[in-house]
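A.B. asks: Here's the letter readout for the chains.
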Amino acid sequence: MHIVVCIKQVPDSAQIRVHPVTNTIMRQGVPAIVNPYDLVALEEALRLKDRYQAHVTVLTMGPPQAETALRKALSFGADEAILLTDRAFAGADTLATSYALASAIRQIQKDMPVDLVFAGKQTIDGDTAQVGPGIAVRLGLQMLTYVCKIEALDLEQREITVQRRAEGGVQVLKTRLPALITVLEGINEMRFATMPDMFRAARHPLKVWDKDAAGIEDATRIGLKGSPTVVSKVFAPTPRTQKAEIVQTQSDQPRDQAATLLAKLFTKFPQLRAEIGRRAS
Amino acid sequence: MTEKFDAIVVGAGQAGNAAAYTMAKAGLKVLQIERGEYPGSKNVQGAILYADALEKIIPDFRDDAPLERHLIEQRVWILDDESYVGTTYRSNDFNKPPYNRYTIIRAQFDKWYSKKVQEAGALVICETTVTDLHMDGERVVGVKTDRTGGSVYADVVILADGVNSLLARKAGFHEELKPKDVALAVKEIHFLPESTIESRFNVSGNAGVVIEMAGKITQGMIGTGFLYTNKESLTIGVGCLLSDFKKQGIAPYALLEQMKAHPAIKPLIEGGEMKEYTAHLIPEGGYHAMPPLCGEGWMIAGDAGMFVNGVHREGSNLAMTTGQLAAETVIELKNENKPCTAKHLARYRAKLDASFVMKDLKKYKRLPEIFEKNHQFFTTYPELMNRAAHAMIAVDGVDKKSKERAIRRSFLNARSWKGLMGDAFKLWRAFE
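As you go down the protein sequences, you meet chains A and B in turn. To get our numbering, take the position in the first sequence, counting from 1, and add 573. To get our numbering, take the position in the second sequence, counting from 1, and add 122.
Derived by calculation from the structure, the hints in this document are not laboratory data. Using N, Cα and C, we set each Cβ at its ideal position, and we do this for glycine too. One or more hints might be untrue.
[Said to hold, decoys possible] A few chain B residues that face chain A, going by a derived Cβ cut-off under 7 Å, partial list only: (1) Ala242; (2) Leu245; (3) Ile247; (4) Lys266; (5) Thr267; (6) Thr270; (7) Pro315.
[What the hints assert, rightly or not] Below, a list of computed lysine-lysine pairs in the DSS-like style, where the Cα atoms sit at most 25 Å apart: (8) Lys780/A - Lys237/B; (9) Lys485/B - Lys525/B; (10) Lys747/A - Lys722/A; (11) Lys233/B - Lys164/B; (12) Lys238/B - Lys780/A; (13) Lys485/B - Lys302/B; (14) Lys164/B - Lys485/B; (15) Lys780/A - Lys485/B.
[Said to hold, decoys possible] Calculated Cβ distances over 12 Å to all of chain B for the following chain A residues: (16) Gln680; (17) Asp783; (18) Val804; (19) Ser805.
Using the sequences and the hints given, assemble the complete structure.
C.D. replies: Below, the structure is given as structure tokens:
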């Protein structure tokens with residue numbers, strides 16, 4: 574079995590601040606980390622590797638510094654790491670990124686067919702959750718998003734069963750391979766790499782692919798050129814001035830609680846009672 | 123898997139990087155282990171880079187190292203509550219390359235340095251804590267780490283694990299740090315536009331200014347304050363002996379806040395946005411507080427060995443030089459096919475003694491004790507000097523002779539003839 578895990582190096586958003594005057598994002602000196610959701614995806618892939626002797630390839634697109642993210646993934650136990658880096662990829666939005674990653678996965682398939690593609694549910698810097706599905710659509714993969722548990726994998730039947738968190742509950746879905754899975758946070762805990770794995774990760778030769786190596790067929794669909802998204806304005810929301818108030822009631826009966834709340838509202842907005850009375854009549 | 127290296131370096135600060143780089147460059151098989159997420163993530167310094175020490179390790183460092191500003195002006199201020207007396211040395215000679223001193227931001231600088239170490243061929247492993255030394259009898263033969271399969275072996279281990287040097291302590295090479303031998307320093311980085319910094323400090327291009335401060339800002343504790351100009355930020359900080367902080371019960375951040383509110387300092391940092399707050403221990407015990415520096419299969423470099431010259435605010439250069447000398451000792455022994463025994467590693471000590479490192483530390487060996495016993499240097503004198511300056515400068519109808527007499531009297535009242543002479547003698551002894 575061959576699993577590809579897509580990861581992204583992101584600025585640690587916990588340490589990013591918005592410039593108070595210019596409203597631009599201050600990235601200077603902010604450490605780069607592996608998108609935390611992608612680490613959950615990687616761990617899930619590594620657990621499948623432990624169970625089924627899968628081959629795990631990590632794939633990222635980014636500047637040369639993204640090497641650090643790949644080495645980290647290798648230290649956790651990934652077998653192969655590919656860095657898509659080319660000036661032509663710069664400025665990509667989710668459309669262009671998923672095009673580039675999908676092309677690269679097609680190249681990877683030429684060496685070894687891919688059964689599963691993993692991604693985090695979204696990145697912490699873009700928060701779009703679009704790249705994973707974008708890859709699935711382009712490669713014609715079954716798509717399972719917001720997965721919170723992999724229930725079963727049947728390699729004979731080439732079927733996978735997962736739990737997917739949906740509004741109001743959990744769905745149990747079964748689909749055939751190859752599939753793309755985006756996983757939710759908190760479903761596993763990342764392992765602590767062993768020392769031999771740390772050595773292997775530091776020494777492992779990475780595959781560095783430019784746009785030709787990544788098999789990009791249409792250069793107008795990658796990078797800034799292939800990105801229809803325009804960021805027209807960045808602004809920091811103004812903090813709310815009104816404060817919420819917790820209304821205490823003696824009774825736990827909904828009727829009494831509603832009465833207390835209404836009394837409070839009518840005291841605060843006297844015209845409200847008159848208005849309601851007028852409308853009712 | 124048990125892999126054996128020529129040398130293991132614990133820590134990726136200035137000492138560890140210098141050691142790892144020098145040995146790797148000479149073709150040795152080197153493993154460097156760092157506790158932080160990336161080299162520099164846990165390292166704190168003022169930070170001024172002294173070019174000379176680095177130049178001896180990486181001669182062309184200026185080509186690509188992330189440097190903030192080269193320093194062309196040094197101000198020394200002795201502060202009272204509302205005033206300061208000071209000296210300034212500024213020279214255009216410092217404005218001609220190759221520059222002698224730079225301000226740096228360690229998080230960026232250390233990343234660059236570590237890249238050089240890796241390019242030189244050392245294996246650098248981060249996010250890994252060395253928990254113990256592997257001993258074969260009296261001899262250090264490797265390290266244990268907090269990772270599974272984490273034992274690694276080497277002919278020699280260089281401990282460059284910083285001021286606390288838990289490893290050396292655990293192995294019994296060192297005793298517990300004494301509060302009087304360490305300073306606790308806190309600093310903040312404030313962002314300001316480049317143009318504001320340049321106009322406020324009267325510099326242009328990449329030139330910068332250092333202000334070293336002493337006096338009332340430390341509230342009677344032994345210590346100093348500092349303000350450095352970076353490219354687009356200012357570093358401001360203060361450090362005092364840990365024993366003094368303990369005795370006076372002053373919180374370090376409160377001390378820094380009060381210093382920032384000083385009427386001479388406030389306008390310099392006005393409008394800046396605080397971006398970083400860090401605290402760090404500085405081993406300032408000096409020559410007498412130094413632990414043994416080498417033994418069977420091990421050497422100590424940098425802060426771990428108390429290599430700090432507190433008087434001249436030098437530490438990183440001593441760290442680099444000690445790291446380099448430790449590395450050169452290993453390289454020599456390898457070339458001569460000699461084992462890294464205590465007897466042979468004693469060469470490290472000899473190299474240190476012959477260098478500026480030990481010469482400077484010996485020169486000021488009495489200073490920590492003298493300052494510790496004579497707090498007047500940080501309380502009474504700054505006040506007297508400021509008052510004297512004020513009296514001489516204010517034009518108020520009093521004749522100069524009477525003013526001089528009043529100033530003399532103020533010094534005598536505060537310290538008496540015997541006290542003044544004694545203080546002068548102590549300072550002379552301390553700096554001789």
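A.B. asks: Confirm or reject each hint.
C.D. replies: Against the structure, the hints come out as follows:
Hint status for Ala242/B: violated, given a least beta-carbon distance of 14 Å to chain A, over 7 Å. Of the supplied interface hints, the one on Leu245/B holds, with its beta-carbon coming within about 6 Å of a beta-carbon of chain A, less than 7 Å. Annotation: interface hint on Ile247/B holds; nearest CB of chain A at approximately 5 Å, less than 7 Å. The beta carbon of Lys266/B comes no nearer than 10 Å to any beta carbon in chain A, farther than 7 Å, and the hint placing it at the interface is violated.
For the restraint placing Thr267/B at the interface with chain A, the shortest Cβ-Cβ distance is roughly 6 Å, inside the 7 Å limit, so the hint holds. Checking Thr270/B against chain A by beta carbon gives a least distance of about 4 Å; that is within 7 Å, so the hint holds. With a least beta-carbon distance of about 10 Å to chain A, the hint placing Pro315/B at the interface is violated under the 7 Å criterion. A hinted pair counts as satisfied when its Cα atoms are at most 25 Å apart, and Lys780/A with Lys237/B qualifies at roughly 19 Å.
The hinted pair formed by Lys485/B and Lys525/B fails the criterion: a straight-line CA distance of about 38 Å is larger than 25 Å. With a C-alpha separation of about 12 Å, the suggested pairing of Lys747/A with Lys722/A holds against the 25 Å cut-off. A threshold of 25 Å between alpha carbons decides the hint, and for Lys233/B with Lys164/B the separation of about 12 Å falls inside it, so the pair holds. A threshold of 25 Å between alpha carbons decides the hint, and for Lys238/B with Lys780/A the separation of about 22 Å falls inside it, so the pair holds.
A distance of roughly 19 Å separates the Cα atoms of Lys485/B and Lys302/B; the hinted pair therefore holds under the 25 Å criterion. A C-alpha spacing of about 31 Å is found between Lys164/B and Lys485/B, which places the hinted pair above 25 Å, so the restraint is violated. Of the supplied pair hints, the one linking Lys780/A and Lys485/B is violated, its CA atoms being roughly 55 Å apart against a limit of 25 Å. Once the 12 Å rule is applied to beta carbons, Gln680/A is consistent with being away from chain B; the minimum gap is 28 Å.
Interface exclusion of Asp783/A from chain B stands, the closest Cβ pair being 22 Å apart, more than 12 Å. In this structure Val804/A is separated from chain B by more than 12 Å, as the shortest Cβ-Cβ distance comes to about 23 Å. For Ser805/A, the non-interface assignment is confirmed: its Cβ lies about 26 Å from the closest Cβ of chain B, beyond the 12 Å cut-off.
Violated hints, listed in ascending order, are 1, 4, 7, 9, 14, 15; each of the other numbered hints is respected by the structure.
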